[in-house]
Amino acid sequence: MIIEEIMHTDVVTLTEDATIKTAIKMLEENRIRHIPVIDENNHLIGIVTDRDIRDAKPSIFHSDEHKEDLLKPISTIMERDVFTAHPLDFVEEVSAIFYEHNIGCLPIVEDDKLIGIITETDIFHTLVKLMGAHQPSSHIEVQVENITGKLSEIAAIFKKRKVNITSVLVYPCKDIQYKTLVFRVQTMDPRAIIADIEKEGYKVLWPNMPGVIE
Amino acid sequence: MKEAIFVYSQDQLSYKFNDDHPFNHLRLNLTYDLLQDLHALQESQIVAPRIASDNEIALIHDKQFIEAVKAAGKGRLSPGIAANYGLGTEDTPMFANMHEAAALLVGGTLTAVDQVMEKKAQHAINLGGGLHHGFRGRASGFCIYNDSSIAIEYMRKKYDARVLYIDTDAHHGDGVQWAFYDDPNVCTLSIHETGRYLFPGTGHVNEKGSGKGFGFSINIPVDAFTEDESFLEVYKTSVREVIEFFKPDVLLTQNGVDSHYYDPLTHLSATIDIYKEIPKLAHELAHEYCDGRWIAVGGGGYDMWRVVPRAWAMIWLEMINKRELVTGDLPLSWVDYWQKEAPVQLPTTWSDPDNLYPPIPRKQEITEKNYKTLEKALFHIRNEMKMK
Ligand SMILES: [Zn+2]
Chain A
1 MIIEEIMHTD VVTLTEDATI KTAIKMLEEN RIRHIPVIDE NNHLIGIVTD
51 RDIRDAKPSI FHSDEHKEDL LKPISTIMER DVFTAHPLDF VEEVSAIFYE
101 HNIGCLPIVE DDKLIGIITE TDIFHTLVKL MGAHQPSSHI EVQVENITGK
151 LSEIAAIFKK RKVNITSVLV YPCKDIQYKT LVFRVQTMDP RAIIADIEKE
201 GYKVLWPNMP GVIE
Chain B
1 MKEAIFVYSQ DQLSYKFNDD HPFNHLRLNL TYDLLQDLHA LQESQIVAPR
51 IASDNEIALI HDKQFIEAVK AAGKGRLSPG IAANYGLGTE DTPMFANMHE
101 AAALLVGGTL TAVDQVMEKK AQHAINLGGG LHHGFRGRAS GFCIYNDSSI
151 AIEYMRKKYD ARVLYIDTDA HHGDGVQWAF YDDPNVCTLS IHETGRYLFP
201 GTGHVNEKGS GKGFGFSINI PVDAFTEDES FLEVYKTSVR EVIEFFKPDV
251 LLTQNGVDSH YYDPLTHLSA TIDIYKEIPK LAHELAHEYC DGRWIAVGGG
301 GYDMWRVVPR AWAMIWLEMI NKRELVTGDL PLSWVDYWQK EAPVQLPTTW
351 SDPDNLYPPI PRKQEITEKN YKTLEKALFH IRNEMKMK
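Heads up: the sequence lines are chains A and B, in that order.
Per my numbering, the first sequence starts with residue 1, numbered consecutively.
Per my numbering, the second sequence starts with residue 1, numbered consecutively.
Just so you know, the hints here were simulated from the structure itself, not pulled from any lab data.
Glycine included, every Cβ here is placed at the ideal spot set by N, Cα and C.
Please note: incorrect hints may appear among the correct ones.
[Said to hold, decoys possible] Computed list of chain B residues with no C-beta within reach of chain A, every gap over 12 Å:
hint : residue
1    : Pro22
2    : Arg156
3    : Gly211
4    : Leu265
5    : Lys386
[As the list claims (entries may be wrong)] Distance windows between CB atoms, simulated:
hint : chain 1 : residue 1 : chain 2 : residue 2 : range
6    : A       : Asp112    : B       : Lys363    : 44 to 50 Å
7    : A       : Ala156    : B       : Lys63     : 49 to 55 Å
8    : A       : Val168    : B       : Met385    : 42 to 48 Å
9    : B       : Gly215    : A       : Val168    : 54 to 60 Å
10   : B       : Gly215    : A       : Arg80     : 52 to 58 Å
11   : A       : Val12     : B       : Gly211    : 16 to 22 Å
12   : A       : Gln177    : B       : Pro343    : 40 to 46 Å
13   : A       : Gln177    : B       : Arg196    : 25 to 31 Å
14   : A       : Leu130    : B       : Lys157    : 57 to 63 Å
15   : A       : His8      : B       : Thr237    : 49 to 55 Å
16   : B       : Lys63     : A       : Glu198    : 52 to 58 Å
17   : A       : Ser75     : B       : Arg382    : 56 to 62 Å
18   : B       : Glu368    : A       : Thr19     : 32 to 38 Å
So that you can see chain B by itself, here it is in the shape it has in the complex (with noise of 0.2 Å):
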């Protein structure tokens, strides 16, 4: 068995909006350049991704709504029609051939989910999903289909196996939980800012699942500004309460890169040092928990040039046990190569620099508040471990 296979081909890169979109997956081609350039990332290791088929992607989504985006892609969807769908918006325009686009990064997340399920490799990652907006009938926040509902519920049919998602975007992973909101074998855990301002606006402390599922979707919404150190405390004591509480067969982790200070569309004030923590832990856990298998897809990260690449080369580089190679100087040959692209003075190192941003005027209060928060959240998990 391997160590662990990267999911990925060019062709990821043609699910693109326009332009001007903030989703831009030239940040997956910025990420694997830099594992090449560090030469982390052997031949032997890359798997391409392969497409969903239709039934796959309506293990999830209806019919109807496959059938516009075909449409769609094809220029035949009227804008009225398409609206009803949440497509031709500012957020998901439509471009020609989005369902083979989308349906590719589908594809590539059950990619991973085979060879780990299957004992090809210990752990699998797929950049290219991890798109937690897409709804059951509707496109949402730059997301048509949502690959890591269909790959959870693929996990099910296919594998009968419990599933932990573990959702650390700046976002709310809310596609993901209300697939699975009253489903007792999947647990969602979703650490994102705080919906009071940001998009989507849910995934309160409250939202804690229902029916059966009762308990089994959790939520985290940290303040508007939140630190390093406070984002981790949140993600570190819930990520081992909750896994050690609901006992996984399989781990599933969403690595959005959006909480960085630098993002354009979220408030947090994260550095890259958060990115390298994230991993880490997944990987101990999934050892200690899930006899090793971990599947871990991108998300969201809107400065892709100087947070996305180096926080997601950190997953794969902490998957093959690279740790090491996380400091001092990024490769000289990447700064130089892609430099000449950026709009933006690329970082050198793999750390920020100190003084990334002006001190934050209420730091204790934020700290406070997401505690405060965690505790909410945990609160039924806490008091059934008690009664055990």
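Isolated chain A (complex conformation) (with noise of 0.2 Å):
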């Protein structure tokens, strides 16, 4: 799946010399916590994130003191050195620059112009639809060899069983030797297909008691 099927495009955004304070309510107006600076080509020069204005804010101590503060533009807080997407990039990759990089939002970008916004929320509800959470289904974890041709002997037991696998996702073990494949299957019912796994030899993880395995 590709960013472009999951950005917002009706993005909020500010140029330089909008000030701290008409950043504050867009902000609080349109429940946000990013607002991607541009300049009047719609090029990107910054962000301001609720968190620099939380900095730039006088503290409720001193509400009275430093009011002119307020006034100034948001260039003197913005963030410069900002991380981007483009539309074509893989929701994969994206999730990983979240990740590694500890942040909120990423401004999508073509053509050096700003297109559109995607937040962490936005990549987590996709990983949740990605799972194949949003189907009615099952869950099934089974601890395989880290050898090829597992996950198609697994499969080739929900073939047998009739049963539709809404996601699979293959998973590290500690141990290396091992892979956890985890399916979300739609059933209702998955003992049949639990106990023919557990004939076949391997180890199901899920369902088990709680604190038997780490």
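Grab the two chains, each in its own frame, and use the hints to assemble them into the complex.
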């Protein structure tokens, strides 16, 4: 899945001469946490976040002093080194940027122009969908040896039981000799499948008692 | 006005997928028999279910889906098309006359609704209903038509009632929730095992409704291996606060009984004790807030021998204020008769044996986590109540 399919295109923006006071108002009114800053050609030149604002706001202990600070332009507080993404980037790549740099939002830029924005929450919702958790399904975890062909062997068991797989994830295990396969399958009664998997000699990690597995 | 009526007929057993399927409405028969043997069910209290009309079913379901179910029941639906409607799967296989069977379960819930809304009875119960996974255009999780959703829409249209739907099945009440996700006149509260592992996977605490309906979907996903105390703490606190917040005209409770330790499809660790408490509070609050209007439907429950008959009988006995019957031994006549059919040892007492299961290793953590979930689920209600 590419970012274009999940990004927001109605982006709230400001120019760098807008005041901090205006930025605060826009953040609150739109209930957002990030405002990209653009120039007259719609080129991205920076970003202001609620955190920058919090740092710039007079402390509540001095709320009457330094009121003039709020009238300064946002160019004095905005971040100029902004990570961006391209509409054709994959969701997985973009998730990695969020993960590595611990950021809350990414402006989407094409031809140097700002065309959208994506937040951590959007990524999270998308991952939930990609994992298939939004479709009625049950969850089964199987531990397999880390060698080729294991996924297809387990998948064959599902096929035999005529149960539709909503999603598959392959997790690394602590012990690199093994992998965990996580299936979401479209059935309310996975008992027969689990029995089949165990009969083939695989270890089913879930369902299991709490505290039994790390 | 009668105190309560019991919707039932043998025909409800026609909702039957196959002999090996975990959903088996013989449990209706088992419950009915238990109440008969207790002399707690009079002829005058029993009302036969009617069959819901196509127009009534279409209050919630797509016309094409209804046509597909009809065709499936006549053996005239190809497997490929059936799959698009969630039919012909392991969960909801096709069977002869499945439309008629499903329409009768819906009609049973509508019968219960009319009895209560037309003041013929204070309370009504249709244990054949409670099929909460049915979607607008798709069967799911053993459910074809969603009788609760249809009944709620029917009460909205015909009686202009504000409806509080409380679902204590171990599975999330997804079908009903999504049907009214943006409706501020229908509040759905579902307490269920977390969807992290269990079907259908939804019912997260953050699913709170959308648009005008924001705040009127409430979900409390409890952890696997949750026990009685924690379950009841979550149930009692949330139900009381939600009803106080929403002030409904009528209460519809879905009484799935698959949270029991014996249930083969779920991973909760409740005992039969919670099924005495659940209807008790619903009953009390129906009188306090809804002028007594309380409709109860069945739902899940896959240990149909040891759990369902006792648990469902408790709802009826609560409705007719015969709580005192729920102690000591079960009628010997019932145990003797059904033990011949049962593949397991039937219980002989109303309560479960002590030490039903070995101690749960992480009880304290599970209880604490459930409490945090409860707080998150009620956060917006508590905030709004403070501002009033
Ligand atoms: Zn259930």
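Hints and how they fare:
no.	hint	in the structure
1	Pro22	violated, 5 Å
2	Arg156	holds, 25 Å
3	Gly211	holds, 15 Å
4	Leu265	violated, 6 Å
5	Lys386	holds, 20 Å
6	A:Asp112 with B:Lys363: 44 to 50 Å	violated, 58 Å
7	A:Ala156 with B:Lys63: 49 to 55 Å	violated, 38 Å
8	A:Val168 with B:Met385: 42 to 48 Å	holds, 44 Å
9	B:Gly215 with A:Val168: 54 to 60 Å	violated, 36 Å
10	B:Gly215 with A:Arg80: 52 to 58 Å	violated, 40 Å
11	A:Val12 with B:Gly211: 16 to 22 Å	holds, 21 Å
12	A:Gln177 with B:Pro343: 40 to 46 Å	holds, 41 Å
13	A:Gln177 with B:Arg196: 25 to 31 Å	holds, 26 Å
14	A:Leu130 with B:Lys157: 57 to 63 Å	violated, 38 Å
15	A:His8 with B:Thr237: 49 to 55 Å	violated, 37 Å
16	B:Lys63 with A:Glu198: 52 to 58 Å	violated, 44 Å
17	A:Ser75 with B:Arg382: 56 to 62 Å	violated, 42 Å
18	B:Glu368 with A:Thr19: 32 to 38 Å	violated, 47 Å
Checked against the numbered hints above, the structure violates hints 1, 4, 6, 7, 9, 10, 14, 15, 16, 17 and 18; every other hint is satisfied.
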